[in-house]
Amino acid sequence: MAEEESLARPFYTVLILAFVCSALVAGAAVGLRPRQEANRDIDRQKNILYAAGLYDPAKSIPEMFAPIETRVVELATGEFVPEEIIRPENYRQLKAALSEDMGRALNKEEDLARVRRQEKYSLVYLVKNGEEIQQIVLPVRGKGLWSTMYAYVALDGDLATIRGVSFYQHGETPGLGGEVENPRWQGEWRGKKVYNEQGGFSLKFAKGEAATTEPAKSYEIDGLSGATLTTKGVDNLMEFWFGDHGFKPLFARLKNSKPSKG
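Going by the numbering used here, 82 is the number at position 83 of the sequence shown; the sequence numbering is gapless.
The hints are simulated quantities; they were obtained by calculation from the structure and are not laboratory data. Any given hint could be a false lead.
[To be verified] Distance ranges between label pairs, derived from CB positions:
1. MET101 <-> ALA215: 37 to 45 Å
2. ARG86 <-> GLY190: 31 to 39 Å
3. GLU78 <-> GLY225: 38 to 46 Å
4. GLU88 <-> SER217: 34 to 42 Å
5. GLY198 <-> LEU125: 20 to 28 Å
6. LYS254 <-> ASN38: 35 to 43 Å
7. ALA215 <-> GLN168: 28 to 36 Å
8. ALA37 <-> GLU68: 29 to 37 Å
The C-beta atom is built at its ideal place from N, Cα and C for all residues, glycine as well.
Model the full assembly from the supplied sequences, consistent with the hints where possible.
Structure below.
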């Protein structure tokens, strides 16, 4: 009996150590979660500010972000959702896209961005002067060659002119499709028109260099060299999110709510 206990003792020791270590790791993960979530929020705010052209590395990100109004919009209708129904600070739209109540499956004809499922409600970020919307920053995503690309796109108050863009997450090939995160290329987006005068989607990504004469100059951005499929993915995600299944109903509602001039 003593010999059996002696043989079993190392096994129990290892088992206890494994349990203690796993408990410590789990406790550390729980303890770090608030800090990780705070860091994610700071990174999100930074990318929104960058897209809007408001980011200053010398200033506090939360302070710069504080004046920006965060709202939830129902994509199908373009209506803002009251905070008592969905609180923006608690809403996780990528998780919502996967749920039956808050998301929906896209059919092949709809799914231009190849995201498979779409949330019914989206966060949007408003840069305002009083009650006037000066900019609106929108979260977009879509499949590139190897990965889903995530970005924020900022539009001016005319709801047609791009103020800026920030691609903040992707798995595209470094030096090729990975150039979506290149500030020089992102800078080419500024001032380009998403819609033409008739309201149709007009943004294009050229095979090579973009047009230098009007009217094409207003709508074209250089394609990514050596990354045709990534460029096509960016083109598709923009057309999807700025179309009828994306933010176009919101833009129509905002335009109708503007007071007429004259």
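Evaluation of the provided hints:
Under the hint 37 to 45 Å, the C-beta atoms of MET101 and ALA215, about 40 Å apart, fit the expected range. Between ARG86 and GLY190 the beta carbon distance is about 35 Å. The supplied range of 31 to 39 Å therefore holds. Our hint of 38 to 46 Å for GLU78 and GLY225 holds, since their Cβ atoms are close to 43 Å apart. As the Cβ distance of GLU88 to SER217 is approximately 37 Å, the hint placing it in 34 to 42 Å holds.
Taking the beta carbon of each, GLY198 and LEU125 are about 21 Å apart, inside 20 to 28 Å as hinted. Taking 35 to 43 Å as the suggested C-beta distance range, the pair LYS254 and ASN38 conforms, at roughly 37 Å. Take ALA215 and GLN168: their Cβ atoms lie about 31 Å apart, and the range 28 to 36 Å holds. Checked against the hint of 29 to 37 Å, the pair ALA37 and GLU68 fails, with Cβ atoms roughly 21 Å apart.
Consistency note: the structure conflicts with earlier hint 8 alone.
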